[in-house]
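Asks: Chain residues, written in single-letter form:
Number of protein chains: 2
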Amino acid sequence: MSQYTPPLQDMQFVLNELADLHEIAALPGYGEATPDLARAVLEEAGVFASEVIAPLNHSGDIEGVRLEGGAPRMPAGWAQAYARFVEAGWPALSAPEEQGGQNLPGVLAAAVEEMWNSGSVAFGLLSLLSRGAVNVLRHAGSPELQQRYLPRMVSGEWTGTMVLTEPQAGCLSAVRTRATRAADGSYRLHGTKIFITYGDHDLVPNVVHLVLARVEGAPAGTKGISLFAVPKVLVNEDGSLGEHNDVRAVSIERKLGLHATPTCVMAFGDGAGAVGYLVGEENRGLEYMFIMMNSARFAVGLEGIGLAERAYQKARAYARERVQGVEQGGETSAKVAIIRHPDVRRMLLSMKSRIEAMRALAAVMAASMDQAALNQDPEVRDAHQAFVELMMPVAKGWFTETGLDIASMGIQVHGGVGFIEETGAAQYLRDARITTIYEGTTGIQAMDLVGRKIGRDGGRAIGAVIVRMRQVQADLESHAHAELRAIGAQLNKGIGDLEAAVESLVKSWEGGPKPALAGSGPFLELLGIVAAGWQMGRAALAADRLLASDPGSDFLTYKILTCRFYGDHVLSKSAGLRHAIVSGSGATLEFSDAAF
Amino acid sequence: MSQYTPPLQDMQFVLNELADLHEIAALPGYGEATPDLARAVLEEAGVFASEVIAPLNHSGDIEGVRLEGGAPRMPAGWAQAYARFVEAGWPALSAPEEQGGQNLPGVLAAAVEEMWNSGSVAFGLLSLLSRGAVNVLRHAGSPELQQRYLPRMVSGEWTGTMVLTEPQAGCLSAVRTRATRAADGSYRLHGTKIFITYGDHDLVPNVVHLVLARVEGAPAGTKGISLFAVPKVLVNEDGSLGEHNDVRAVSIERKLGLHATPTCVMAFGDGAGAVGYLVGEENRGLEYMFIMMNSARFAVGLEGIGLAERAYQKARAYARERVQGVEQGGETSAKVAIIRHPDVRRMLLSMKSRIEAMRALAAVMAASMDQAALNQDPEVRDAHQAFVELMMPVAKGWFTETGLDIASMGIQVHGGVGFIEETGAAQYLRDARITTIYEGTTGIQAMDLVGRKIGRDGGRAIGAVIVRMRQVQADLESHAHAELRAIGAQLNKGIGDLEAAVESLVKSWEGGPKPALAGSGPFLELLGIVAAGWQMGRAALAADRLLASDPGSDFLTYKILTCRFYGDHVLSKSAGLRHAIVSGSGATLEFSDAAF
Numbered sequence: 001m002s003q004y005t006p007p008l009q010d011m012q013f014v015l016n017e018l019a020d021l022h023e024i025a026a027l028p029g030y031g032e033a034t035p036d037l038a039r040a041v042l043e044e045a046g047v048f049a050s051e052v053i054a055p056l057n058h059s060g061d062i063e064g065v066r067l068e069g070g071a072p073r074m075p076a077g078w079a080q081a082y083a084r085f086v087e088a089g090w091p092a093l094s095a096p097e098e099q100g101g102q103n104l105p106g107v108l109a110a111a112v113e114e115m116w117n118s119g120s121v122a123f124g125l126l127s128l129l130s131r132g133a134v135n136v137l138r139h140a141g142s143p144e145l146q147q148r149y150l151p152r153m154v155s156g157e158w159t160g161t162m163v164l165t166e167p168q169a170g171c172l173s174a175v176r177t178r179a180t181r182a183a184d185g186s187y188r189l190h191g192t193k194i195f196i197t198y199g200d201h202d203l204v205p206n207v208v209h210l211v212l213a214r215v216e217g218a219p220a221g222t223k224g225i226s227l228f229a230v231p232k233v234l235v236n237e238d239g240s241l242g243e244h245n246d247v248r249a250v251s252i253e254r255k256l257g258l259h260a261t262p263t264c265v266m267a268f269g270d271g272a273g274a275v276g277y278l279v280g281e282e283n284r285g286l287e288y289m290f291i292m293m294n295s296a297r298f299a300v301g302l303e304g305i306g307l308a309e310r311a312y313q314k315a316r317a318y319a320r321e322r323v324q325g326v327e328q329g330g331e332t333s334a335k336v337a338i339i340r341h342p343d344v345r346r347m348l349l350s351m352k353s354r355i356e357a358m359r360a361l362a363a364v365m366a367a368s369m370d371q372a373a374l375n376q377d378p379e380v381r382d383a384h385q386a387f388v389e390l391m392m393p394v395a396k397g398w399f400t401e402t403g404l405d406i407a408s409m410g411i412q413v414h415g416g417v418g419f420i421e422e423t424g425a426a427q428y429l430r431d432a433r434i435t436t437i438y439e440g441t442t443g444i445q446a447m448d449l450v451g452r453k454i455g456r457d458g459g460r461a462i463g464a465v466i467v468r469m470r471q472v473q474a475d476l477e478s479h480a481h482a483e484l485r486a487i488g489a490q491l492n493k494g495i496g497d498l499e500a501a502v503e504s505l506v507k508s509w510e511g512g513p514k515p516a517l518a519g520s521g522p523f524l525e526l527l528g529i530v531a532a533g534w535q536m537g538r539a540a541l542a543a544d545r546l547l548a549s550d551p552g553s554d555f556l557t558y559k560i561l562t563c564r565f566y567g568d569h570v571l572s573k574s575a576g577l578r579h580a581i582v583s584g585s586g587a588t589l590e591f592s593d594a595a596f
Numbered sequence: 001m002s003q004y005t006p007p008l009q010d011m012q013f014v015l016n017e018l019a020d021l022h023e024i025a026a027l028p029g030y031g032e033a034t035p036d037l038a039r040a041v042l043e044e045a046g047v048f049a050s051e052v053i054a055p056l057n058h059s060g061d062i063e064g065v066r067l068e069g070g071a072p073r074m075p076a077g078w079a080q081a082y083a084r085f086v087e088a089g090w091p092a093l094s095a096p097e098e099q100g101g102q103n104l105p106g107v108l109a110a111a112v113e114e115m116w117n118s119g120s121v122a123f124g125l126l127s128l129l130s131r132g133a134v135n136v137l138r139h140a141g142s143p144e145l146q147q148r149y150l151p152r153m154v155s156g157e158w159t160g161t162m163v164l165t166e167p168q169a170g171c172l173s174a175v176r177t178r179a180t181r182a183a184d185g186s187y188r189l190h191g192t193k194i195f196i197t198y199g200d201h202d203l204v205p206n207v208v209h210l211v212l213a214r215v216e217g218a219p220a221g222t223k224g225i226s227l228f229a230v231p232k233v234l235v236n237e238d239g240s241l242g243e244h245n246d247v248r249a250v251s252i253e254r255k256l257g258l259h260a261t262p263t264c265v266m267a268f269g270d271g272a273g274a275v276g277y278l279v280g281e282e283n284r285g286l287e288y289m290f291i292m293m294n295s296a297r298f299a300v301g302l303e304g305i306g307l308a309e310r311a312y313q314k315a316r317a318y319a320r321e322r323v324q325g326v327e328q329g330g331e332t333s334a335k336v337a338i339i340r341h342p343d344v345r346r347m348l349l350s351m352k353s354r355i356e357a358m359r360a361l362a363a364v365m366a367a368s369m370d371q372a373a374l375n376q377d378p379e380v381r382d383a384h385q386a387f388v389e390l391m392m393p394v395a396k397g398w399f400t401e402t403g404l405d406i407a408s409m410g411i412q413v414h415g416g417v418g419f420i421e422e423t424g425a426a427q428y429l430r431d432a433r434i435t436t437i438y439e440g441t442t443g444i445q446a447m448d449l450v451g452r453k454i455g456r457d458g459g460r461a462i463g464a465v466i467v468r469m470r471q472v473q474a475d476l477e478s479h480a481h482a483e484l485r486a487i488g489a490q491l492n493k494g495i496g497d498l499e500a501a502v503e504s505l506v507k508s509w510e511g512g513p514k515p516a517l518a519g520s521g522p523f524l525e526l527l528g529i530v531a532a533g534w535q536m537g538r539a540a541l542a543a544d545r546l547l548a549s550d551p552g553s554d555f556l557t558y559k560i561l562t563c564r565f566y567g568d569h570v571l572s573k574s575a576g577l578r579h580a581i582v583s584g585s586g587a588t589l590e591f592s593d594a595a596f
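Protein sequence lines, in the order shown, are assigned to chains A and B.
Here my numbering is used: position 426 in the first sequence is 426, and no number is missing along the way.
Here my numbering is used: position 155 in the second sequence is 155, and no number is missing along the way.
Certain hints may be false.
Repeated chains share a single entry, so a pair holds when one copy, or any two copies, can fit it.
Unchecked claim - The calculated BS3-like cross-link candidates involving lysine-lysine, where the alpha carbons are at most 30 Å apart (straight line), are: (1) 223 to 507; (2) 335 to 507; (3) 453 to 335; (4) 335 to 223; (5) 453 to 223; (6) 453 to 507.
Treat the hints as calculated values from the structure; they're not laboratory data.
Same shape as in the complex, but just chain A:
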């Protein structure tokens, strides 16, 4: 099946030139994160992703997960691969040393996660969810809970889940699962949950579920929801595994994609009740769950990038190998590989340029998360935090929408064979199709962006980002190199459209949220395009600077051309989006529900 070649050169360029890894290495505890260490970690992760994970992706899709004897059975080879993943210490890469982690910066971990996702999103999801569960327990779990569960969750020996949705409703406020206090201070849970990713599987001996439930007598609505840790297998005081808890996977969903990921309907408390341990305080469950969801949202954005990179590589390989037609305007009538056809080149560059733009923006965001957590200066921390919160809907929403489009384009490059499942290109589209939905749909992200991050904020946070964008644009437009000036001109238009859109949204917000929300989808796309274009502008400047000492570098030369393509083909969409945001909400809101 298709090979995966880790994009190490671009990742190092992004880390060193755009995400300022040297500044991250100056943060407390991150002193070891030198460029050399980063390179070594990326190389090692690249070997693991390409040699161990990537080969499982297609076979896992074909075999899928089956419920056997009441337990999901993972596809062939997955257990061995996951055991090697744990043995190599990958799940603990960015965890603190005192919990058995390697304490590497998040910015490096993000690049590594992109590779797991390129290898296989179905595989990467398991550690993604476990990291989220670890974060919640670390933040809100009692010392006893932490001591008993965290070490083996951090190491990956046990995995974690997020257990939210119930059959009757998608609103969290409608949670009906009951939790009853037991004499020993634990609780007994009863309820059915759906869409539980890796809810049960045979890769590890224990799964720790973080379950939303309602304690008897709790207030109605979202303020009466608590969070419980519910292990699949009870853990004795000495840490050994005890009895099976009253928890089981009832069925596995038949999904469009992610066939190797068990998405379970879970029954808690079919019998005497599932033993659960309260996380934090009663009735604060949603607050804790949001910790998990926030980290998961960024991680799902990285799924968009990882999938897109894999789809791109497969399309590129096919375009180089597949001979069809003669070159239009070429000098001979010999048949050529389809990469010589202009429209195929355009599709490949559309994929490549957007992937590199997303990777750059993701790295800059991840670096800001590290700064927001560890910088000594509270003002610097706050500024980074504001940037991260503003951009999070873009990372979740725009990276995944773009990844979905790129996966579909990958099939298109293949032509007819792309529609045949054996080829493997179709799987990327099927897998990508959930990324714009889970952990909050693109529409939910857009509402969060326009409502909380722009409207209620009065546009302050984004104003600070636009100042930074304008500086890059000025550097580009005053540059000696014509390609860079052209990129600067497109960035200038994009920023202008963004400013006009923000002004319109902030103004309309004062009169009520509806018009702004009617433009929220196009605005999320606009901010994504312009923010990633800003990073492509920085990339072009950095590449030009580095070319002075490395004039023969193809990587740097074509990086500038990739940025130019991005400006002409992606940033150029900003005018249309601006119009839809500023003038397009009337029809949307005036339409009667019956007239659709």
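Once you've looked at the hints, dock chain B against the given chain A.
Replies: Okay, now just chain B, sitting in the frame of chain A:
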């Protein structure tokens, strides 16, 4: 599963107000095609599509086609439905009376075909291909061939195929299947063909393959390819079925979508050779096959519309039924159906407005095909033919790309349940994914458009269309109704961008095809958006006019609002596309193959 409600009101509006059905009814032989007859045919077809075909779509997808005892076995219920389809005379709707047809205009048949595709593209494909085969035999088949095969192919008792592709290459010039002359004037074929849609099935007793092959001693390349009619079962002189021919389905492809369509690898002449009858003259096979491909291209465009309509209806039903969240800026804290959320409304209107725009453009094209075939005035015929040829790549390329996007958006409206196969929304995306590929990829369409229809033509044909667009824009901009003026303003910008793009392409074409071809993909989209926007402008004018005598019509009122939405959210993309066409080819062409 999901219901399908034929969009009869919009179809009649389009036929009567935009496609000028009364002028078609004035053409020779079409006198019966009055609005009343059209309404009756649409209603009857709507009943068949919704009650007989639509219920088979999801079950057919789940069951799929299996090879049993060397023959593909269709899913349960398909044979009965197809028998009723033939019995009701639907395959012969637009065929001439002397061949047993009903001789109804193509513009009416196109609306009916949209409904078959909404019911099930997998089902509609069978008669689509048969009609293509009929067209070729009618045009190029000998009287004997016509007499023996046409009547039962026209009626649908037997079906037809297009047999082009071979395992070793996608270029038609590389056809290797051999045809040897036999003593009785027939030929014996030997070769393997792939991707043969409905290559074999158990719905009818005979399948007539139109096969490209090379007669011994023929010239190399495309000029040595002939076309043969190769029946699955030989037909005796008295018309009865004789022996099974040396033709069989070797395997069925496992595809992303269209699971109910048998896509076969076919072996011709495993034994003594498959008996084939030359169609037309030797070595003119490609010319005849293009007759089939041209009609098939428009028909595949209709698949894009039909699929999009079905996906829209399903998303709309879900959005009305699914209660989640409170209305932002609403007056109560009650939970509401998600159709109340602005971004969901935006998605639904994005789907609806583009479907209605495509339907209008398709009908206008189909009417032009009728005019090009039958108008008494040769100048009028030529003008219509030039319009049809110009727009055909848009019908094939843009309708299907738009349909694909709409099918994907339909999943998005569903959220998580859209990813579950049982829901049925995912199937529309899987099925739509081939429509941008088969019968010539979007890239091939774009190359045809920019090369043959714009570049070599020097922009004359499109210039004539732009004059017609400008008239509609002028009527809109001078209108008393502000909504119509707003639509006119967007159309004006769109036409301006189209003119600039055409000028740039025509100019650059003189220096060689590459820069224009590098912009061909965006140009196909731009022409699609603006041409369909032109029809939406006409729709708004017609709706406004009709409102004078029917002021309470919700259909007409919301038609104008739908056109307004199209202007603000779809036509507004024109500026970005123009930039990509005019300025975006440099990076595409300068990139080195190795640097991707």
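Asks: Work down the list of hints and note, for each, if the structure agrees.
Replies: Hint check:
1. 223 to 507: neither (32 Å within a copy, 66 Å between copies)
2. 335 to 507: between (58 Å within a copy, 27 Å between copies)
3. 453 to 335: between (53 Å within a copy, 24 Å between copies)
4. 335 to 223: between (67 Å within a copy, 16 Å between copies)
5. 453 to 223: Classified as within; 23 Å inside a copy, 64 Å across copies.
6. 453 to 507: within (14 Å within a copy, 47 Å between copies)
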